[in-house]
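There are 2 protein chains.
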Amino acid sequence: MRGEDDIDLPTFDDVAAAHERIRPYIHRTPILTSETFDRMTGAKLFFKCENFQKAGAFKARGASNAVFSLSDEQAAKGVATHSSGNHGLSLSYAAGRRGIPCKVVMPRTAPEPKKAAVRGYGGEVIECEPSTSSREAVFAEVVASSGAEFVHPYNDPRVIAGQGTCSKEMIEDLGELDAVIAPIGGGGMVSGCCLTLSTLSPSTKIYAAEPQAADDAYQSFKSGEIVAYDAPVTIADGLKVPLKERTWHFVRTYVEDVLLADEDEIVDAMRLTWERMKIVMEPSCAVPLATILKNKHLFAGKRVGVVVTGGNVDLDKLPWMK
Amino acid sequence: MRGEDDIDLPTFDDVAAAHERIRPYIHRTPILTSETFDRMTGAKLFFKCENFQKAGAFKARGASNAVFSLSDEQAAKGVATHSSGNHGLSLSYAAGRRGIPCKVVMPRTAPEPKKAAVRGYGGEVIECEPSTSSREAVFAEVVASSGAEFVHPYNDPRVIAGQGTCSKEMIEDLGELDAVIAPIGGGGMVSGCCLTLSTLSPSTKIYAAEPQAADDAYQSFKSGEIVAYDAPVTIADGLKVPLKERTWHFVRTYVEDVLLADEDEIVDAMRLTWERMKIVMEPSCAVPLATILKNKHLFAGKRVGVVVTGGNVDLDKLPWMK
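In the order they appear, the protein sequences are chains S and Y.
In this text, residue positions in the first sequence follow this note's numbering: the first is 1, and each later residue adds one.
In this text, residue positions in the second sequence follow this note's numbering: the first is 1, and each later residue adds one.
Just chain S, same shape as in the assembly (with noise of 0.2 Å):
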């Protein structure tokens, strides 16, 4: 691995570049409120509703930042990527939208909706098994082979000031806050909050929450450097992923604390939010309301800002159901 010097991070100007980029391609998104769960937290909370997002996720602001950030040339070959759902359907959607090739790296136990909408949205999916190392195997033979432009989930500098423009519209929107809470897997959202709030707001306080099962970010926090594992069982599918050299900067640097939930916190907050927001959300967005439930001391009397971060679940597979 290069030594932090070497490592190429965006900066609040690509942030605010990427924005203009994608505008044409993504939604600014709304957020919304509820009583409920600001009587039940004694926060004042805003949940910044990326469920909504084109594509169902984040993952199409920093997709999108990535391929239309492309040279006529490198997007000709088309771009590809390795994720666990919504990065990949984000980039098959972000290349559909400038007309080129996405291949897309996924899991054979990825969920098939996510499978069916990579291929709804002209991307090609090519399976590998569900596990860190054999995902980058196969995927190396797939740039090989193509020439495609690599686009990796989270720790690309294109991606990560692309989802910086997520808090950039909920501090414009919003004004001051006290902190902002996004679930964290890869820490490509984590790190675009720390990128943009440090310039835009940087007494705003940001946590990651984490699901306990999967708690290599919380692991690498308490001990200085990267934790990884290499296929973690949680019902939060889209926060297995291990930091990476670029989102780990911006952790360490910037981020207040690594809040944890464990699997039924987490779908008992899922299905709060259901009942009471009326939004369909993933596992994954439900952490960050759990780990607000369990310490609400962090919370309680501020203005905090909750990503979100995806809405595309399988209906048939919801996890109350038995």
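By construction, these hints were calculated from the structure, which means they are not laboratory data.
Among the hints, erroneous ones may be present.
SDA-like, lysine to any residue: derived pairs with alpha carbons at most 20 Å apart [stated by the list, open to error]:
no., chain 1, residue 1, chain 2, residue 2
1, Y, 115, S, 275
2, S, 205, S, 300
3, Y, 317, S, 321
4, Y, 317, S, 44
5, Y, 317, S, 275
6, Y, 317, S, 300
7, Y, 317, S, 272
8, S, 44, Y, 25
9, Y, 77, Y, 124
10, Y, 317, S, 276
These numbers come from a predicted model, not from an experiment.
Once you have looked at the hints, place chain Y on chain S.
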């Protein structure tokens, strides 16, 4: 029944007054769009998300208007209603905001979460048999014994004026619309649309969408007089009740047509909306989209407002669960 000349009908001035009166107690709900649905229908659809409304349905508008219109003397005796669900919930919500008693007669077969929610807002649930005749009989006793002010779910000028604030917001936010479509049960929302649009946007065509299995409004519209069923069976359980004289006035005067969808079409449209728009909504709310998909010629190339009426569903009994 009294002749038409004797009916007290609300005017658009009542809608404007209602909007000012209820503003502190309701959400100005967001309007969502979907490229997927626009592509599928050929129309430009604007979904007014009353599933995000207070108490989970548009009924909070009419109920709040009725409750906050009462004199202090009337209010002290409380309010009462019969309702298959959302109106009872909303009246209980509004009464709770004013701090007055609320009695709700509900079919014993109504979803448990709806009964619990009425009680959660402080209302009292009184059960009846699941038929219009039983509901009305039990209710008469309740009103006689308590002296509470009857707020009918829809056949009440205060309620209709309150529901009219929904399409007022649509026109304010969207400008001109070629058509507005809403589900029809008793006709409160459709009447509110008629009342508002006939003043603010008389060229907008108003469509009512109804389950074929409970097509009393359709039969009324075609025959020219109110047709009522006692206990129709449909998945769209908010739409089982018949028109009454005030809503019938608006339906026959201003509605362009009543469009029908069968049960499978309703469930398909409901699931499609959950998957694509990522919103939790009731089966009743899927009837407009189901009818638009069946009648594309009426809507192609048009700007169409679609009222998503409510989001109170039992997540353990989704219609696609086996």
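> Given the proposed pairing of residue 205 of chain S with residue 300 of chain S, does the C-alpha separation stay at or below 20 Å?
Replying inline: It holds: about 14 Å lies between the C-alpha atoms, which stays within 20 Å.
> Holds or violated: are the alpha carbons of residue 317 of chain Y and residue 272 of chain S at most 20 Å from each other?
Replying inline: holds, 16 Å
>> Need the status of pair residue 317 of chain Y, residue 300 of chain S: alpha-carbon distance at most 20 Å?
In response: violated, 35 Å
> Does residue 77 of chain Y pair with residue 124 of chain Y here, judged by a C-alpha cut-off of 20 Å?
Replying inline: Status holds; Cα separation ~14 Å.
>> What's the verdict on residue 317 of chain Y and residue 321 of chain S, does the C-alpha distance respect the 20 Å limit or exceed it?
In response: holds, 9 Å
>> Next pair to validate is residue 44 of chain S with residue 25 of chain Y; report whether the Cα-Cα distance is within 20 Å.
In response: Holds, at about 17 Å.
>> For a C-alpha distance cap of 20 Å, please report whether residue 115 of chain Y and residue 275 of chain S respect it.
In response: holds, 14 Å
>> Does residue 276 of chain S sit within 20 Å of residue 317 of chain Y, going by the straight-line distance between their CA atoms?
In response: holds, 16 Å
>> Check whether the Cα positions of residue 317 of chain Y and residue 275 of chain S lie no farther apart than 20 Å.
In response: Between residue 317 of chain Y and residue 275 of chain S the Cα gap is close to 13 Å, so the pair holds against 20 Å.
> If you draw a straight line from the CA of residue 317 of chain Y to the CA of residue 44 of chain S, is it 20 Å or shorter?
Replying inline: violated, 32 Å
Checked against the numbered hints listed earlier, the structure breaks hints 4, 6; every other hint is satisfied.
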